Amino acid sequence: MADSERTLAHARALRSRGMAWMPPEGMPPATILDSWARCARAGLAIDGAPQRQVVEGMELARRREHAALVRRLAQAELETLSQQIAGSNFLLAFADRDGVILDLYADNRFAMSDADAGILAGSCWSEQLCGTNGLGTALATGTPVAVTGPEHYFLKLGDISCSAAPVRDALGEIVGVLDASSYYASRQQHTQVLVKMAATQIENSLLLQQMRSHLILAVHPRAEFLATLSAGLLAFDERGRLLALNQRGAVLLSGLEARRGASFEELFGEPFDLMLARLHRQPELQLRDALGSSLVARVIARPPPPRPMPAAVLHAATQARHPPPELSSLPGMLAEDAAVAEACRVLRAAVAMRAPILIQGETGTGKELLARRAHELSGRRGEFVAVNCGALPAELFEAELFGYVGGAFTGARREGNAGLIASADGGSLLLDEVGELPLPLQAVLLRFLDDQLLRPVGGITARKVDVQLLAASHVDLEAEVAARRFRDDLLYRLNTIKIALPPLRCRSDFALAVRSVLAGLDARAQISEAAVARLQRHGWPGNFRELRAVLTRALLHRQGQVLTLDDVAAQLPAVAGLAGSALQRHGTELVLREYERCGRSVSRTSRQLGISRTTVYRHLREAAGS
Numbered sequence: 004m005a006d007s008e009r010t011l012a013h014a015r016a017l018r019s020r021g022m023a024w025m026p027p028e029g030m031p032p033a034t035i036l037d038s039w040a041r042c043a044r045a046g047l048a049i050d051g052a053p054q055r056q057v058v059e060g061m062e063l064a065r066r067r068e069h070a071a072l073v074r075r076l077a078q079a080e081l082e083t084l085s086q087q088i089a090g091s092n093f094l095l096a097f098a099d100r101d102g103v104i105l106d107l108y109a110d111n112r113f114a115m116s117d118a119d120a121g122i123l124a125g126s127c128w129s130e131q132l133c134g135t136n137g138l139g140t141a142l143a144t145g146t147p148v149a150v151t152g153p154e155h156y157f158l159k160l161g162d163i164s165c166s167a168a169p170v171r172d173a174l175g176e177i178v179g180v181l182d183a184s185s186y187y188a189s190r191q192q193h194t195q196v197l198v199k200m201a202a203t204q205i206e207n208s209l210l211l212q213q214m215r216s217h218l219i220l221a222v223h224p225r226a227e228f229l230a231t232l233s234a235g236l237l238a239f240d241e242r243g244r245l246l247a248l249n250q251r252g253a254v255l256l257s258g259l260e261a262r263r264g265a266s267f268e269e270l271f272g273e274p275f276d277l278m279l280a281r282l283h284r285q286p287e288l289q290l291r292d293a294l295g296s297s298l299v300a301r302v303i304a305r306p307p308p309p310r311p312m313p314a315a316v317l318h319a320a321t322q323a324r325h326p327p328p329e330l331s332s333l334p335g336m337l338a339e340d341a342a343v344a345e346a347c348r349v350l351r352a353a354v355a356m357r358a359p360i361l362i363q364g365e366t367g368t369g370k371e372l373l374a375r376r377a378h379e380l381s382g383r384r385g386e387f388v389a390v391n392c393g394a395l396p397a398e399l400f401e402a403e404l405f406g407y408v409g410g411a412f413t414g415a416r417r418e419g420n421a422g423l424i425a426s427a428d429g430g431s432l433l434l435d436e437v438g439e440l441p442l443p444l445q446a447v448l449l450r451f452l453d454d455q456l457l458r459p460v461g462g463i464t465a466r467k468v469d470v471q472l473l474a475a476s477h478v479d480l481e482a483e484v485a486a487r488r489f490r491d492d493l494l495y496r497l498n499t500i501k502i503a504l505p506p507l508r509c510r511s512d513f514a515l516a517v518r519s520v521l522a523g524l525d526a527r528a529q530i531s532e533a534a535v536a537r538l539q540r541h542g543w544p545g546n547f548r549e550l551r552a553v554l555t556r557a558l559l560h561r562q563g564q565v566l567t568l569d570d571v572a573a574q575l576p577a578v579a580g581l582a583g584s585a586l587q588r589h590g591t592e593l594v595l596r597e598y599e600r601c602g603r604s605v606s607r608t609s610r611q612l613g614i615s616r617t618t619v620y621r622h623l624r625e626a627a628g629s
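Under this note's numbering, read the sequence shown as residues 4 to 629, first letter to last.
No lab work stands behind these hints: they were computed from the structure.
Worth double-checking, as some hints may not be accurate.
Said to hold, decoys possible - Simulated restraints, written as ranges between beta carbons of each label pair:
hint, residue 1, residue 2, range
1, Val-484, Ala-226, 43 to 51 Å
2, Asp-453, Val-349, 21 to 29 Å
3, Arg-508, Ala-446, 15 to 23 Å
4, Gln-289, Ala-52, 56 to 64 Å
None of these values were measured; they are calculated from a predicted model.
Each residue gets a CB set at the ideal place from its N, CA and C atoms; glycine is no exception.
Turn these sequences into a full structure, and let the hints steer you where they fit.
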């Protein structure tokens, strides 16, 4: 952009602000000025408001499914970020490459004002719709950005500050963006650095996942940095051709033709086969690139050897077009623990009876996996449709679930919408986090459960549907009924068959669970008994989701072929007693007592004590380390 155009955009923006604001450094950064100019060319009015666009339930579910891998990695980093910036009135978001928010983590004190009320799951925050903003501008530029208060294009967003960083996959394509927003007055300078680090961690983990069937090298001029985020990652195929590299790898190889498809010999002046032979003799190598720079390399992933299909599985697969349920088990569905084995047994019987099933368990214990297993066992030909009751806006829940006719309400599509229940007709419907439903919507749901008649909003006719009903909740619904936050008649309908999944910390097959998750991440990876023992001492408030994130990071930073105690300990909070002052110990004990009283529900504990979920999780981790 020409300097004159940038200056003009700047002048117009300041004039619209009544010349009342100028950043401490003088001129805003070029990134902000360029964004203002793009917004002006798009015809956005500075004194206007962002265009609110929210994708509907099935479309949001489709986007989440499409971004499943990167979303899973992002969720782990969002949880870590929420701990790092706890107490700063924050809102964390992960959005897809179109700027549609897929997940949100918010501090309880980040109350929705007129300016930020549109920040919700499914809302689109692209620069074309919402002007200069962290999430949208990071996508528009492909670089990390910070947008501070009045640097937002729309004046209405001037009380928010945000830092965002795009996330790229192994091929360098943008697949999402991380954003941390807070109120302008409570912004923290280090947030942008933390967001960048989180994005880099996701990118490295994504490369490790996408390239796990190939050789991956970590490179750095100094060996002690090979296990850090400053290491370059290079993936090669069996012929020594470069398949992928992370951004740090591109920096370390700057000046070389480090393009995808370049041969190892072009980059390092050494035959690939010779390098492989050296790798068999030593864990780390000294490499010298084509420009003469010296690098240390360490293998962090090797292609697994081909494994023959077991004869029994091969025979069964050739005898039927579709394998029986026992041969299509889902990842993470281990049943060596007695409680889990009983859950699976009850699940089979309940599905055979076509009875409603309520699955209870903490976040990350595998409730949705078990629900998908129920759908698989049912043999139903329809779709498995999962509805997150806590993610859908209350005012749109009925329309999203039951559908609507054209013109039923302001903003409705002319052609109407069939709804999520219709999508599950002939299949299975999972009402995930059903305990999050407001009471008025519980009454609407109860009416459907009584007759299974689908009545679109604004319609005058109803039709019968056939769905296998499943519900899941991480809160104790009986306690919610006692507190008058959940209808007892709805619980009676949902609670025909109740299945409880134990938390990871209580499972007798913990060691097997660790090795199963590890095998899913890297088939060749191994872990020492001491490392498993250290993992077992952790409290795992995030259960399998947290375990998967910890093992992914440990694999990325491991020192050898086997994950050791040091490898996993580096990814966990230090083991300590209820450390700190007497006041801190008292606070942890108070949270623990309330947590038990609330049926081990983090959400209820948070509400009862008036603290954020992040704070509850922190106290649980401190207690687990004692």
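Now for the hints, and whether the structure bears them out:
no., hint, in the structure
1, Val-484 to Ala-226: 43 to 51 Å, "violated (59 Å)"
2, Asp-453 to Val-349: 21 to 29 Å, "holds (24 Å)"
3, Arg-508 to Ala-446: 15 to 23 Å, "violated (37 Å)"
4, Gln-289 to Ala-52: 56 to 64 Å, "holds (58 Å)"
Hint violations for this structure: numbers 1, 3, all remaining hints satisfied.
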